[in-house]
Amino acid sequence: MAGAAGSPEKTWSSRTAFILAAVGSAVGLGNIWKFPYEVGAGGGGAFVLIYLVFVFAIGLPVMIAELLVGRRGHAAPPIAAETVAAGSQRHKSWAWLGWIGVIGAFFVLSFYSVIAGFSLSYMVETLTGRLGDLTPEASVKHFTDDIGGSFAIVFGWHTLFMVLTVFIVARGIKGGLEQAVTYLMPALFVLLVGMVIYSLSVGEAGQALRFLFQPRLADLTTDNILQALGQAFFSLSLALGAIMTYGAYVPRDYSLPRSAFIIAAADTGVAILAGLAIFPLVFQYGLEANAGPGLVFITLPLAFAEMPGGVIVGGAFFLLLSIAALTSAISLLEPTVSWLEEKRGIARAKAAVWGGLAIYLVGIGSVMSFNVWSDVTFWRGTVLDNIDFITNNVMMPLGGLGIAVFVAWFMNPEAVRSEVTGISDRLYKAWLNLLGFVCPVALAAIFFSVSGADRLVLRIVDLAGYGVSDDPGERLLHATIVFIVMIMPSLLAARRRHPQLALLAFVNVVAGWQPVGWLFCLVWAHRPDLLIATRRAMGARADAPQSPGDEHSGSAG
Numbered sequence: 116m117a118g119a120a121g122s123p124e125k126t127w128s129s130r131t132a133f134i135l136a137a138v139g140s141a142v143g144l145g146n147i148w149k150f151p152y153e154v155g156a157g158g159g160g161a162f163v164l165i166y167l168v169f170v171f172a173i174g175l176p177v178m179i180a181e182l183l184v185g186r187r188g189h190a191a192p193p194i195a196a197e198t199v200a201a202g203s204q205r206h207k208s209w210a211w212l213g214w215i216g217v218i219g220a221f222f223v224l225s226f227y228s229v230i231a232g233f234s235l236s237y238m239v240e241t242l243t244g245r246l247g248d249l250t251p252e253a254s255v256k257h258f259t260d261d262i263g264g265s266f267a268i269v270f271g272w273h274t275l276f277m278v279l280t281v282f283i284v285a286r287g288i289k290g291g292l293e294q295a296v297t298y299l300m301p302a303l304f305v306l307l308v309g310m311v312i313y314s315l316s317v318g319e320a321g322q323a324l325r326f327l328f329q330p331r332l333a334d335l336t337t338d339n340i341l342q343a344l345g346q347a348f349f350s351l352s353l354a355l356g357a358i359m360t361y362g363a364y365v366p367r368d369y370s371l372p373r374s375a376f377i378i379a380a381a382d383t384g385v386a387i388l389a390g391l392a393i394f395p396l397v398f399q400y401g402l403e404a405n406a407g408p409g410l411v412f413i414t415l416p417l418a419f420a421e422m423p424g425g426v427i428v429g430g431a432f433f434l435l436l437s438i439a440a441l442t443s444a445i446s447l448l449e450p451t452v453s454w455l456e457e458k459r460g461i462a463r464a465k466a467a468v469w470g471g472l473a474i475y476l477v478g479i480g481s482v483m484s485f486n487v488w489s490d491v492t493f494w495r496g497t498v499l500d501n502i503d504f505i506t507n508n509v510m511m512p513l514g515g516l517g518i519a520v521f522v523a524w525f526m527n528p529e530a531v532r533s534e535v536t537g538i539s540d541r542l543y544k545a546w547l548n549l550l551g552f553v554c555p556v557a558l559a560a561i562f563f564s565v566s567g568a569d570r571l572v573l574r575i576v577d578l579a580g581y582g583v584s585d586d587p588g589e590r591l592l593h594a595t596i597v598f599i600v601m602i603m604p605s606l607l608a609a610r611r612r613h614p615q616l617a618l619l620a621f622v623n624v625v626a627g628w629q630p631v632g633w634l635f636c637l638v639w640a641h642r643p644d645l646l647i648a649t650r651r652a653m654g655a656r657a658d659a660p661q662s663p664g665d666e667h668s669g670s671a672g
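Okay, so the sequence shown: first residue is 116 according to my numbering, each after it adds one.
Keep in mind that a hint or two might mislead.
[What the hints assert, rightly or not] No more than 30 Å apart at the CA atoms, straight line, and that leaves these computed lysine-lysine pairs for DSBU-like: (1) K289 with K465; (2) K465 with K149; (3) K125 with K289; (4) K125 with K465; (5) K458 with K289; (6) K207 with K544; (7) K149 with K256; (8) K207 with K458; (9) K465 with K207; (10) K256 with K125.
[What the hints assert, rightly or not] Pair by pair, the computed Cβ-Cβ distance ranges are: (11) D261 with P528: 51 to 61 Å; (12) H206 with Q322: 52 to 62 Å; (13) G401 with K458: 34 to 44 Å; (14) G401 with P301: 32 to 42 Å; (15) I312 with P528: 42 to 52 Å; (16) V317 with L275: 28 to 38 Å.
Bear in mind the hints are in silico, worked out from the structure with no lab data behind them.
All C-beta atoms in this analysis are idealised placements derived from N, C-alpha and C, irrespective of residue type, glycine included.
Model the full assembly from the supplied sequences, consistent with the hints where possible.
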C-alpha cells in the first residue's frame, strides 16, 4: 500500500509541527468570519461564556476521540475506522465514521474555497484602494453585484485558491503541510495580535470588552445556546476527517489529551482575539454588531474606508482571513488525498491533483450560486446552500455523534486507555463519561436543531400518544430526550451483540412502554447471565413433554 500512514515519511517531525497543523486545521473562516457575527447575533458575553463551556465540555472530548481513532488506525479515515473496529471485534461497517468525514471534507472544501476566494479578492481590492469611498449601499452592491454577480471574478479567485491548496498538499507532510503551517500560523498570530492592538487603541475598547466579556444571562435563548454549542463543535473542524487524518500521523509518544487541549485552547484564543479585533472598530464607527454573515465582507469595509490607514489595516485583516482559510483548506483536502494514496496506490502528487480537481469542479456549482444560478433554488436554496446544509447540519453532527458513541461504547476499553495517556485515571474516567453520556446528548441536540430531524422524532412522539408543546425550545428538548431514551437502550443491547433487544427497545419506546425497554436492556448490559439462563430454561420447558393439564393452563398474556 503506497504511502501508508504509519511510514516515516507520513509522520509529524515534531510535536510543534503537529500542533501548528492541527491548530491551522481548526482555525479558519469559522473563527475569524463566523464567530464574531455569531457573538453579535447571540448577544455578546453570555454567548461567549456558553461557547467556552461547550468547547471544553463537548468539543475537546470528541477531538481526543477522533485523534485516538486516527492514531490507532494509522491510515486514512475509512481505513482507520475499519481497522480500529476490527481490533475491537466490531463490524467493518464502522468504516462509515471515516467515510462521512472524507465525503464531508470533500464537499465543504468545494464551497469553502469560493468563500476564501472572496477574502483574497477583498485583500487585493483593499490594498489597491478600490474600497476607499464606500457607502453602506455601495458596500452591499459591491459584494452582491460587483464581485458575487461576476462569474469570471468568483471563478478566478476560486481557481487560484484551489491551486494554492493543491500545491501545498502535493508536496507531502514534511515538504508541504509542515512547511506551510510553520510560516503561515506564526504570520496569522502576528497579524491577529497586531490587529487587536490597533483596534483596541483606536476603537471603542471599553464597549467592546463589555460586550464580549460581560455576560447577560437573562438575554440567552434556547436558540443562542444551541448556536453556541454548534459553533463550539464546528470551529474545531471535528467529524470532517481532517483531525482523524492528522491523528494518523501522530507518533505514539505524544499525549493526545494534552495535544487536544492545546489545539482547543489556541482555536478558542484565536476566536476571542478575532472578536477583539473586530468589535472595537464596529462600535467606533457606529456599525451593527449583529450584522450577521455580512459583518466581514459588507460592514467592516465601511470602517476600513473611514479610518486613517484603512488601506493597510483592511489589507492586513483580509490577508489574515485568507491565511486562516488556507490552513484549513489543506487539512480538508488531506483526507481525500490520504485515501487515494493508501487505498488506490496513487502517488501523492497525482492524488492531490486528481482529488483537488474533483473538488474544484464541484465547487463551480457554488461559484454559480452567486451569479448564473442565483435564481436556481431547490430544497434549502442554491447549490451552495444545499451543500452547506447537508455537510454542516447533517454529516458533521452525525459524524461527531458516531465517533463519541463508537469510542465510548464499542471500542475495546484497554485499547482506548492505551491511547489516552498523560492523564490520571480520574481525568480519564471524567473524559470517558463526558464522551459516552454528555456528548451524545449535546450532539443529538445540535443535529435536531439544525437539521429539522426533531420533526420526525416528534411525529413518533405524537403517534405514541404523548403531548407535544407549542414552544420551540420545549419541543427541541422533548425530541432530544425521546431520542436518547430510544437510543441508549439500543446501545446497551447492541454492545452485548443482541440486535433483537435493540429492536425491542425501539419498539417499546414507540409503543409507550419505555420502562420495559430500559429494564430488558439494562439487565442484558449488566447481568446477561440472567437472561441467558431464563432463555435456556424457557427453551427446556418448551421441549419438555406436556402433562395433560398443561394444555388447559394458558397464561394471562
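Hint check:
1. Between the alpha carbons of K289 and K465 the distance comes to roughly 17 Å, so the proposed pair stays at or under 30 Å and holds.
2. Taking the CA atoms of K465 and K149, the gap is near 33 Å; set against the 30 Å cutoff, the hint is violated.
3. The suggested pairing of K125 with K289 holds, with an alpha-carbon distance near 8 Å, which does not exceed 30 Å.
4. Using a Cα cut-off of 30 Å, the hinted pair K125 and K465 holds, with the two alpha carbons roughly 16 Å apart.
5. Annotation: proposed proximity of K458 to K289 holds, straight-line Cα distance about 21 Å (limit 30 Å).
6. With a CA separation close to 27 Å, the supplied pair K207 and K544 stays within the 30 Å bound.
7. The straight-line distance between the Cα atoms of K149 and K256 is roughly 21 Å, inside the 30 Å bound, and the hint therefore holds.
8. With a C-alpha separation of about 16 Å, the suggested pair K207 and K458 falls inside the 30 Å cut-off, and the hint holds.
9. Taking the CA atoms of K465 and K207, the gap is about 29 Å. The hint holds against a cut of 30 Å.
10. Distance restraint check for K256 and K125: the Cα-Cα separation of roughly 47 Å exceeds the 30 Å cut-off, and the hinted pair is therefore not satisfied.
11. One distance hint, 51 to 61 Å for the beta-carbon pair D261 and P528, holds here, with the actual separation near 58 Å.
12. Look at H206 against Q322: about 56 Å separates their beta carbons, and that is inside 52 to 62 Å.
13. Evaluation of the 34 to 44 Å hint for G401 and K458 yields a failure: the beta carbon distance comes to about 55 Å.
14. The hinted range of 32 to 42 Å is satisfied by G401 and P301, whose Cβ atoms lie roughly 35 Å apart.
15. Between I312 and P528 the beta carbons are some 49 Å apart, a value that agrees with the proposed interval 42 to 52 Å.
16. Evaluation of the 28 to 38 Å hint for V317 and L275 yields a pass: the beta carbon distance comes to about 32 Å.
Violation of the numbered hints given earlier is confined to hints 2, 10, 13; the remaining hints are satisfied by the structure.
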